[in-house]
Each structure stands twice: as structure tokens, then as C-alpha cells.
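A.B. asks: Going down the list, the sequences are from chains S and E. End of the first sequence sits at 755 in our numbering; the numbers just go up one at a time, nothing left out. End of the second sequence sits at 755 in our numbering; the numbers just go up one at a time, nothing left out.
Some clues are possibly wrong.
One copy or two, it doesn't matter: identical chains are merged, so the pair holds either way.
Below, in silico cross-link-like pairs of lysine-lysine (DSS-like), each with a Cα-Cα straight-line distance of 27 Å or less [stated by the list, open to error]: (1) Lys395 to Lys585; (2) Lys411 to Lys293; (3) Lys411 to Lys429; (4) Lys298 to Lys169; (5) Lys749 to Lys425; (6) Lys169 to Lys565; (7) Lys221 to Lys416; (8) Lys585 to Lys411; (9) Lys538 to Lys585; (10) Lys749 to Lys420; (11) Lys424 to Lys18; (12) Lys264 to Lys28; (13) Lys28 to Lys206.
Keep in mind the hints are simulated off the structure, nothing from the lab. As the structure is a prediction and not an experimental result, all values here were calculated from the model.
Protein chains: 2
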Amino acid sequence: MSTKRSTYSIVGKSRPKLDAPLKSTGRSLFTDDIVLPGMLHGKIVRSPIAHGRIVNIDTSRAERLQGVKAVITHRDTGGVMVGPDQMLLCDDTVNYIGDEVAAVAAVDEETAAEAAELIQVEYEPLPAILTLQEASAPDAPILHTYCEDNFADERTMVYGDPDKAFAESEYVRSDEFISNPTHNCFAELHVALADYSLPGKLSMWTPSQTAILFQKNLAQNLGLSESNVRMCCLNTGGAFSGRTDVKPHHYIAALLSRKAARPVKIMCSVDEEFIVCRAGGNNIYRFKTGFMKDGTLKVIEADMLHDCGAYVETQFIVLLLTGIMLQLLYKVEAMRYQGKLVYTNNIPYYFHHGGGMTPEQFALGQHLDLVARDLGIDPVDLQLKNAVEKGYTTLSGTHYASCGLKECIKKAARKAGWKKKYGKLPPYRGIGIGCGVMSSGGKGMFVHDTSAAFIKIAEDGKASLFTGLPDMGQGSHTTMAIIAAEALGITTEDITVVSGDTDIDPFDVGSFSQRGTFTTGNAVKAACLDAKKQLAKTAALKLGVKPSALVFKQRSVYPKGAPEQAMAFEDIVFDTLHSKEGRFVMGRGFYNSPSDKASLAYSFGTQIAEVEVDPETGFVKLLRMTVAHDVGRAINPLAVEGQLDGQAFSGAGQILFEECLMDSGQILNPSRLDYKLPRPFELFEIEHIIVETNDPFGPFGAKEVAEGPLVTTAQTIANAVSNAIGYPIKEIPVTPERILEALKQKQKQH
Amino acid sequence: MSTKRSTYSIVGKSRPKLDAPLKSTGRSLFTDDIVLPGMLHGKIVRSPIAHGRIVNIDTSRAERLQGVKAVITHRDTGGVMVGPDQMLLCDDTVNYIGDEVAAVAAVDEETAAEAAELIQVEYEPLPAILTLQEASAPDAPILHTYCEDNFADERTMVYGDPDKAFAESEYVRSDEFISNPTHNCFAELHVALADYSLPGKLSMWTPSQTAILFQKNLAQNLGLSESNVRMCCLNTGGAFSGRTDVKPHHYIAALLSRKAARPVKIMCSVDEEFIVCRAGGNNIYRFKTGFMKDGTLKVIEADMLHDCGAYVETQFIVLLLTGIMLQLLYKVEAMRYQGKLVYTNNIPYYFHHGGGMTPEQFALGQHLDLVARDLGIDPVDLQLKNAVEKGYTTLSGTHYASCGLKECIKKAARKAGWKKKYGKLPPYRGIGIGCGVMSSGGKGMFVHDTSAAFIKIAEDGKASLFTGLPDMGQGSHTTMAIIAAEALGITTEDITVVSGDTDIDPFDVGSFSQRGTFTTGNAVKAACLDAKKQLAKTAALKLGVKPSALVFKQRSVYPKGAPEQAMAFEDIVFDTLHSKEGRFVMGRGFYNSPSDKASLAYSFGTQIAEVEVDPETGFVKLLRMTVAHDVGRAINPLAVEGQLDGQAFSGAGQILFEECLMDSGQILNPSRLDYKLPRPFELFEIEHIIVETNDPFGPFGAKEVAEGPLVTTAQTIANAVSNAIGYPIKEIPVTPERILEALKQKQKQH
């Protein structure tokens, strides 16, 4: 569509991640690799009970232990509260199993662990509230006194006239769905290394999706100016929305360092990781929709209860995102949404990979699948009938300048052989379709969605590209290098990406909300065009043409139509530096999402799954998935395919396997052995369909390909399973136990 | 003088070095603090003889030692020569005691040392040539076959008609002077940490004055593109011209790392340090001058022999600098200079702190002092009569846009009470005067003297200043921060200096030739003015005035004459970032020395020393020094005074104490105990006179205050000692033994 891929030299050609050699040989530096002179090791003392009063904390034995350099309790925090409900270290109340009560720093991990055990905390237990039902009951005990009920946040959105739309609907259906707690399971455990040994400047090494937001929060709560918190975010071993917030261990490392006047590293153990992580919670999703008999969707109503756990932190985002996303995928007349965050004495939750939308979209997708069944309409036709398209403006005012949803649906259905299979498969075989939409950044959400970038070009024509966008493993630095190489007419091998230190990085709010390729990519492109302008000035003089008549391509510069006059790119750089002014080539660029409402560009996707269910064991075998995604432009097709594979695999885990088993506020399976992740032998065949719609606002036409595919996978597989067993899926993950239970219920009905 | 100091808010106000808290609490990171995962330790096997053939190298026992990961000899270097005369590791010949023959990398230092001892090298000794006389004799054996005699380099400079000038002179005098080898004695020993574990990219951590030149040399000799060598130059514990060149241990660390596929650190021992350092050599300086009887200098002729030692490396610089500097201080009609670098089997020399000019200037200064005595002219008057001044153009075409030499002479003489003391002191008390000149950078010398700088300003109004100029302890980063703060109207506390990584730093050839304050300072100022322009655009809109009518001062911005309308600097930054374009403030600047001949700006200095000599022991007691220096503008008066003190102290060491005692090519005193440095109890009183001439090309009028004061000190003290004992000083250092010998000679004459 419009600009052909062949216009570009670098964009659209598959290439491995630039850091693949380093990663695959174990040479990439992660936070735990950093050893500072005089560094201490920290250990946190956590509450063993879900709710209670602290009667006494005795740190004297720990303080006397040889090798202990600092012990801190709430008396050392200056009473700092992080958020409206959370003491930096608990003073009189503990609110969940794992709540931070005290911490020690010692010369080695063993001594720190021993000292932590020597700290004696006396508790007076209080009744723990552990379910949404208990917590939201009108007479429930209030968990946080600042809040008059247990609703930490509530949000309502209404567009159009839902009551009228329901009244006009020929068919109305309601369903309730439940999601259970999940965990992100990063490859790299949570770790923080703080050097706050001199007052006035805190340096912190930690994996993070957003150094800028970490910096802001740490500075605010420690009473520093933002720039006096230096965040060093090296390689990050996975993040999945779990590294957007400062966690208590970050503050604790800083305070221990301040007290001991030495750097302090806190490396979480695997079971601690399950407590610190803040992933998906136990939520309830109620959907009600109104349709015309021909399958035209008129109205969506959604009512959600999210288990907040003990502290609210930044969970307001979950309510915002799950609400706003509801009216983006289908043409709809009206929408009503109500979301509530409910305090309990569980671990503070947040959301698993997918911005809270994976379980929500599962619920909506399964609900629509049930509607299709009721109305006797092929689910593919139902999707096509209601799908948004290019030029459409949503209820919330979002305009789609590009949209490949219908193309995705059609191509996926064709490739998966939908028509030949749907309704014609043998017993316990099923096929399902799901559709999804995802924003590409956008400041309307909750941040100042701005990126800056900077590029310097050395004498040999090689460049350093500065960005504050971290790469958590998804290859975003490679994407940025491709954008820069294309813009400058050089190759990705010529580019070193510099990132991960707030003293150095240009402003960038970080890697979340699928904003990297779109927002940072636009800034990177602008910086490179600025550098190119400087080079064009030199080249134009040398080649005797106007700067606008120059072509920069494959490390050479020539007048349009005269490649035989080409000068080497590096010679132009050299000549610019060695000119009379000694001009060193440095380009700068900015991008600010111009829309105040939401994102400028949305990706769309369709997936089709085929499954086989074993009725004896309840085990689901994923046979095949077809994954179509409108990415605007595939900057690096290999990385796009990697994202499609990775997100589909992760989505399969969320819908089929992953669950934190909770008992009285305690996680029963806090280990990589007992928490069931999809394993390599559970891999399935994936067909990729990359749809390119050349978005007018994206860099070289690109949009997100981050969490977009993920939120579609769960519903797709659920719909296929439901199709296989002929019974609705109402609770996830769809474990063998739940499938056997569904089959039992189905039998009862007959 | 023109712009008054009070015009500035920050410039001209004394402030401590920004890194003082870090340095004084041991928190600054030096290369040896860096520990990389899997890092090995390297050890070099060196020649124990000054000249010989290698018959055999047996590494088999070392290779079999547990913990050894790599052993290299010349067979692993690919025959790379560093320079015209030097194999990276010796193949068939060793040329000095310490020459690198083999190296090992092992899991710890002890294992590496043990393995190094297990390497058996069989030598066949050859006659060693160790003196300038032997080496320059017409029938001397040739040390390097590529060179038809033992002169590694020769340079002649002639300006005007020296023969005519001598013929017209009413008085002609010749003298010969000798300097002995010295050592730089950095606080931080030589160290290199190389990570070349993956092909195609070498990362090297090492203290250096010039990351760019290290990068160029390493890349060239290892067959890499420049940018594929990443130099990380952290804090540097002293340099004194001794860290401008890549040394063999740098290459060796890289090759060991390549072979072992792991990072390798080589930390030199103290005695190795004396071999690796390349400091001052054993040189001969012959001066002949022609004068009129009234003291008018007409012509200078100089003939110098420099002991090159075993390898030439970059010693061509010495011949260039010592030549060009001869016609910069005095108005002279003609000049003739011949310099030769002579190969011997001594350690490869270079020069001690001062660009080779400390002994040369001692020789010229003492020579002129003897002339004054002969002509019966007060040395102060002789200096004043011949001193260059503002507006003067030298024989080599250097024009002085600012020059405070006469002011320095007059002020120093007045402050030191010269008139009351000269010729009127009791026996064995002496007073001496010396004058000096020094360039402030300048590309005419030997490098592309360009600096670039870059500044980014964060949301809270604090800035990161990017520079490739290293700070070796002299406080140049603080100077850059002051220049930036003044240019932006903020404070030095608001500025973080980012430097020391070629992947990040803007182009800057480094810290040598006294170029930092002048050249980099100009680039920094330009970068800040560029950032200010971006801010002024926002502020002008907010305040309703033209950008040119704005004042940036003390963290606020206001219309000229209306400080009551001031907006906070950080609010302007915030508004710029949060504007519609989301413009992040990033300023870039360049400075290229426009003169092709030499420097644009020269500093001038005058010193007066008073000494007392003990005729029994020959011991010199320095009573007092008056140090006047034309710095153009004192950016940070405290740092200027620190430089004046430090250089005078270092100069006193060079003239009175410091000497590498050589025997048959072997250093006899390679330790900090046996090599005599001036100690704290040898400190003397120093009176500072800061002369400000507001150079039109310098940043805020500033010129160098680096090695300028140093090269004046040695001659000044020598002249005072000569004045005290009534006998010429012909050899340095002026140790008690040499003074007693001079007194003996003096007695013989009478």
C-alpha cells in the first residue's frame, strides 16, 4: 500500500538483534554484574502475616552481628509514604504477606540473611480480607483509613446513550468472567543497586522500562531534585509491564546506602520475586452487549472489579486502560464502563503483560463468541460486520488514519482454512477467532508522551545513537538503529545505541504503552534527518548541487540520478569535521504525540487458533495459530515475527497455564518449578501474516507490534477451547481441572 | 582590562572542584575499580638485557599451568609493528631492559605472575649503546635497520638570517646544558582493561589524556575501524604528558583478551611503571645568542640532542615543540634550531610534564642569566627589554592578541622586592628570575585541534554537559561546568559533566598542549549559547519581549532591566519540553582553532625564586617563590592558584630532585622511596599574581594555565641557585652533589 517496501534500503529487511552476539555469549551486562568498591548486600525483613499490628521491632541482635553495616526500620524513613496508603517501611500495620518491615545491609549476602533473621518483630494479627466479595461488602472492615470504603479507585466512562441503545437492541446478552492471579516471570529477577553514599546524589542501577518515571518517583519521595537521581538501567531481562514502577526494594536499597554510606545491592530471591513483582490479580469482568439480529453491535456495557491487593500504587492505569480500550475495536453506538479497584490483604497487584487487557479481552472475546453462537452467525462474519476501518472515528474521538483490521480478519481466515473447519471439526477439536486493537503510545493516557533523540557521527562515518528508550529484550534498540540507518543512508552495523543512564540519555518516558517504535522512532528519525542536513551542506559544496538534490544511500552520497559521482559517507563526515568551522556532526530530534486524547496510531490484529482437548485429562493441545497483525510497516520483519511468536506464546501461557495459587494471602507456588509457564515442548506452529498499512504518522509508516498481538491470543485460544468442548469458558487460566469441571457441567445440562 | 570580572556571576569566583567530595571520600571510580564478569589478569614478560637476540621462547610450561587462559608471543601479533621500529612483542631482537617479549592471562594475578616466570626466553646478548655520544658517533653500530644512522628524527627551523644577526651582534655567548632522565610518578599506576572477547569491537578502560588518539592508534594497529575501539577513560590519577600514547601494555591486554575470549586487566607494578612511563630523557642543549651591548637580543641558535631510547614512538613532538617555542618569548631578529632524536638502548623516552620544555627553558633561562651577568645588566631589565608584547608578531608568524608578559615581570619584581634583593643578599642566598610562554592549544602543532561539546537540560533545569576532554585531576571538568553555568545563567551545582567514553563523548582530541580551557572551553560556551537560544524562544513568548532582550542569570530569566518579571530557569525548560513540539533542550557547539600555524592565544609568566644554599651539604632551601601568570581570565581563581602551586612544586622537583639513576640501561631507583619527589615538608611559600588580559579569542577571555607556569619554574630556581653560589648551573637536577661539585670548580677557578 502506498510507499513500497523496496523504496527502503534497510527498513523492511530482516536482521538479527544488534546485541545478539553479546547476549548469546553471556557478555551483556545486567545489574547484578555491577560490583562497586565497598558494595554491601541488603536483605529485607517481610511480614509473615496478611494483616496485623506491629507491637515491637527489636533490631539490636542484628546490629551487633559482625559485618552488618546498617539496619533500617520505619524510624529511618522519615515517615515517607509512597502513595496514599503505603509506608516506605511498615510502622504500625502490615497489610500483606511480604510487606516490608525492616532491612539490613552487610558485607555479604550470607551475613545480611543471618542479620535479617535476627530481627525480631512481634505482631498482633488482625482479620485478613482476601476476596473481592468480602472487601466490597457494604459492611466490610475498612483496610486503609484514608479511604472511606475499600475502593482504592473507581472510574466510569459513558459514550453515547447506552440505555437507548439497549432499548433498541434486538438481542442482549450478559456474562461474567473471572481471572486468577498471575506472575510475570522475568528472566532477570528484581534487583537494585543504590549508591547514595554522599548526600545530594543517588545513583541507582536497576532494570527498568522507564528510567525517567523511576527518577521522578525516587526524587519526589527522597526529597531530591529529579536530576540528582541518576538511573542506570542496563540490559533488562524481560519486563512485561512489571518494571514501570519504583518498588519498595528500590527505596530500601537507597536508604540502606545512605545510612551505611556505601553502595548497597538488593537481589531478590525467587520467592521474593513473586511478592515484589505486582502482576495480574483476581478480577471479575461483567459484560453486557446489545445487538441487532443481523449481528450489528450497538452497545457495550462492562463492569469490572479488580483486586488491588494491599496497596494501590499506580493501578489507576489498569482502570483507565481497560475502560478506554473497550470502544476501539468495533463500531458501536454507545458504551458504558465502570471499573473498581478493591483493597484486600493480598499482594499488591498491577497487571500482567498486556496492560490488564489480556483477561479483559479474553472476556469480551469469549462473550462475543457466545453471542455469535446464539445469533447463529459465523464468528468471522460477526467480526467483519462490526470491525472498525480506516477513516473511522471512535466514540472517544480517536480517528484511524490507518487500519488493517478487516484485512487481518480476511487473511487470517483464509490462511487458517476457517470456512472448511468452523463447525466441521471432529469432537474435541475446536477453532476460534479473536481480534484486538492496541495504541502506539499516546500522551492522552497518563504520561507526557515525548521522546528526544540525539546522534553523533564519528570521523569514520559510524554513529552513536542516544535514546532514553530501554530495550528489555524485544529488540527496540535494533529497531531504532534500523530507523537511523535508513534515515542516514548507512547500515545498522555503523550504529551503536547508547542508552540506560539518565545523566546521558535524552528525554524519553520509556518503553511501555507500545510507544517505542512509534514515538521514539519518530524522534530518532528526526535526529538523523537533522544530522543529514549538516552533512548535505558539506556534500552539496563538494558535489556542486543543491542539498535537496542529494541521495544518501548505502554509505554513499550522490546527486540524484548520478550514483557514479558518489562520495563515501565517511568522507563527507570527515570533511565536515575538518572544515574551517570544525563542525562535528551531531543531530537532535524530538517527537511529541500531538493528540491530547489518545494515541495517533493503532495496530490491529486477528488470530485464529486450532486446539484439541483431551476429554479424559482436560489437557489442551494447541495445534496451530494464525497470527495476522497490522504493524503499519515492518521495520524489521524478523523482529516482528519474533514479537508475534513471543506474544502468542506468552498469551497461550496466560490463558492455559499460568496461575498464582493463593491460600489465605500466601502464594503456594512461588517458584519456576511450581508456577506453570509454557515450556519449549508446548510450542505450537504459528503462521505469520504481516499486514502493512503505512501509517502516515509512524516512522516509515510503522505502528506498534508489542502487546497488540498478546491481548488477542488469550481470547482466541479460549474461543477455540470453548468451540472444542461446546461449553463457555468463564474462568482463566483454562486449566485441565477447569476444563474437566466444564465438561461435567455440560453433561449435567444435557 | 576591558570586561570587568564583576560582569560575570560564576566566572571569576573561586569554587572547589566538583568531584572533590567523591575524590576525598574514595568514591571516584578508577580503571582498577572496574571488575568485569569473567575478567582475567595479565602479566608481561620483559627483557632482562638492554640489547640482544632472542634465540628461543618456550611457553609450554606456562601454558600447562592451571588457571592460565592465554599466552602470547610475537607469533600472536600478526607481525604488527607499532611505529617504524617496534614489534608489538619482540620477535628476534630486544632493545632495552623491559622490552616486551611475551604475556600471559590467568584467572588471578598470582597465577599470571607464576606463569610469566615459567616462560623461558633464551637470549644472545648484543653490545648495548647507552649514551648520546656513542650513539651519534659516525661509526656507531646501527640500532634499527630501517634507519641509516641512529637519528630517529631530525628537525631544523630557521627564521630570519641568523648568520647576519650574529655578525651584527656586539656580544655572543654559547653554553651547553645537560638534563638527566626523569619519571612522571603518577598517583595512578599504568593499567589497561581490555574486552576484545568478540571480534569487531574492542572496549578498553584505561587512564588517558586523549581517548580519540588512543582510539585511532589502537584501531589502526589492530585493523579495526576507529569507532569499533571504544575507549573508556574514567578518572585519571595524573598524566603529565605521560598518557598521550598507547603503550605496549594496551595492545597486549587487547591481544590477550582476544585470545582468551575474556576481558583482561593488566595492572603495572611500581617498578614496571618506571619502564612503561616514557618520561624525560638524557638530553644535551647547546645555546648560542647574539646581543647588542645594551641588552637587545638579536638572535638565538639552539642545537639539541634528545636521547630517544629504544623506540621513537611519538617523540617527533619533542623536536617540534622545543624548536617552535624558542622564538615566542623574546623579540628576536633571527633564530636557528636543530634538534635530533638519538636511538640508544635505554628505555624509550618521551618528555616529562611540560612538553620537553622544562629542561630546554632551564637551559635558555640560565644562559640568559649568564648573559645578563656578562653584560652587567639587571636580569629583570634584560627580560623587560626583550619581552614580547600585545600586537607583536613572532618570526614564525604568531600574532599576540593579548600579552601580559611585561605586566608579569613588573608585578613579580615589585612583589618579590627584586630591587632590594638582587646583588644585595648575604652569601649563599640567591634570587633569580625566569620568564615563560605557552600556547593554549592550537592545531598547528600536530593535531586537528577541534573540540565539540553538547549539553542537555533536564526538566528540573539541571544539565548534563558532554565533553571528550578528560580531567586528569587538574579540575578541567569544573572549569567547563563554570563556563557552561555562566553561559546559561545557572550554577555549577546544576551541571553534571559527562565524559570518558568514546561511544558517548563528542569529538575532542583531549587534554594536552594546554588546550582544554581554551579550545574545549570555547566549544562548551558555544553549546550552551545554542541551548540558551532554544530557551530564549520560549521565554520571549512568555515574557512578551524579543529573545535578544532577555537576561539569563542566577537560575532565572527576565527582560533586561526588569528582574521583577523573572521566570525560573527550570520553568522555561519545563515549558519548552511541554510545548506543542515537545522540544527537549539540547545544545551543540564546536570550536576549531582557526590558525593553521600555531595557537591563537599564548599565556605568559614570570617567576622569581629566593633560595639559600648550604655550602657544607649542597642542600638548597627554597625560601619563597613569586609566580605571576597571564591567564587571560581566571575562570576559577582557586583552580588557577592550585595550578600555579602545583606547577611550581612540580618544577621545583624537576630542577632540584628528580632523576632516574641509570646504569647500563637499568634504572637503579624504580620506586617511590628511591626516586626523589618533593615532599610536603619541602613545600615553600608561593605568592600568586594572576594577570588578566581578557584574550579576545578565549572563552570569557581565558587562556591556558596548565604547563605554562611549570616551564618557568625550573629556570627560575636554577637562576636563583646560580646567583647564590656564584657559578653557572650546567646540569639538572641541581642535586646537592652537583652543587658541591660546582662550588669545588668555582674554588679551583679562583
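A.B. asks: Determine for every hint whether it applies to the structure shown.
C.D. replies: Now for the hints, and whether the structure bears them out:
For the homomeric pair Lys395 and Lys585, the shortest alpha-carbon distance between copies (26 Å) is at most 27 Å, but the shortest distance inside one copy (52 Å) is not. Proximity of Lys411 to Lys293 under the C-alpha cut-off of 27 Å is restricted to the intra-copy arrangement: shortest distance 24 Å within a copy versus 93 Å between copies. Only within a single protomer do Lys411 and Lys429 lie at most 27 Å apart by alpha-carbon distance; the minimum there is 24 Å, versus 104 Å between protomers. In the homo-oligomer, the alpha carbons of Lys298 and Lys169 lie at most 27 Å apart inside one protomer (17 Å), although the nearest pairing across protomers, at 115 Å, exceeds that limit.
Taking the shortest Cα distances, Lys749 and Lys425 never come within 27 Å of each other, neither inside one copy (29 Å) nor across copies (116 Å). For the identical chains of this complex, Lys169 and Lys565 are neighbours neither inside a copy (61 Å) nor across copies (62 Å), given an alpha-carbon limit of 27 Å. In the homo-oligomer, the alpha carbons of Lys221 and Lys416 never lie at most 27 Å apart, since the shortest distance is 45 Å inside one protomer and 54 Å across protomers. When the C-alpha separation of Lys585 and Lys411 is checked against a cutoff of 27 Å, the pair qualifies neither within a copy, at 57 Å, nor between copies, at 34 Å.
Taking the shortest Cα distances, Lys538 and Lys585 sit within 27 Å of each other both inside one copy (18 Å) and across copies (23 Å). Proximity of Lys749 and Lys420 under a CA criterion of 27 Å is satisfied in neither setting, with 34 Å inside one chain copy and 106 Å between copies. Taking the closest pair of Cα atoms, Lys424 and Lys18 never come within 27 Å of each other, the shortest separation being 33 Å inside a single copy and 82 Å across copies. For the homomeric pair Lys264 and Lys28, the shortest alpha-carbon distance between copies (20 Å) is at most 27 Å, but the shortest distance inside one copy (36 Å) is not.
Taking identical chains as interchangeable, the C-alpha atoms of Lys28 and Lys206 lie at most 27 Å apart only when they sit on different chains, with a minimum of 15 Å there against 31 Å within one chain.
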